[in-house]
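J.: Sequence:
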Amino acid sequence: MQQEIFIVTGMTCGHCTAKVEKFLSKIEGVNEVLVELASGNVTVTGNFNSALVIQTIEKLGYTVRK
Numbered sequence: 359m360q361q362e363i364f365i366v367t368g369m370t371c372g373h374c375t376a377k378v379e380k381f382l383s384k385i386e387g388v389n390e391v392l393v394e395l396a397s398g399n400v401t402v403t404g405n406f407n408s409a410l411v412i413q414t415i416e417k418l419g420y421t422v423r424k
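Residue numbers (the numbering used here): 359 to 424.
FYI, nobody ran anything at the bench for these hints, they're computed from the structure.
Wrong hints could be hidden among the right ones.
[To be verified] For lysine-lysine, the following DSBU-like pairs were computed, each having C-alpha atoms within a straight-line distance of at most 35 Å: (1) K424 x K377; (2) K417 x K384; (3) K380 x K424.
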């Protein structure tokens, strides 16, 4: 089981956080997604492909700071 924190910019409201949570939760191996709007932190827990998480966030129109 892994846990990673991704720093995401561009999220501005509750709708943004809900969208990120919804789409990341669909990724195979993701058990839990926690999005903190104020800090931009997206915590993902499970056995997942990190590159796929980043790709999904970017497809939604947000930027992942590395």
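J.: All hints, please: hold or fail.
T.: Here's how the hints hold up against the structure:
{"no.": "1", "hint": "K424 x K377", "in the structure": "holds (21 Å)"}
{"no.": "2", "hint": "K417 x K384", "in the structure": "holds (14 Å)"}
{"no.": "3", "hint": "K380 x K424", "in the structure": "holds (22 Å)"}
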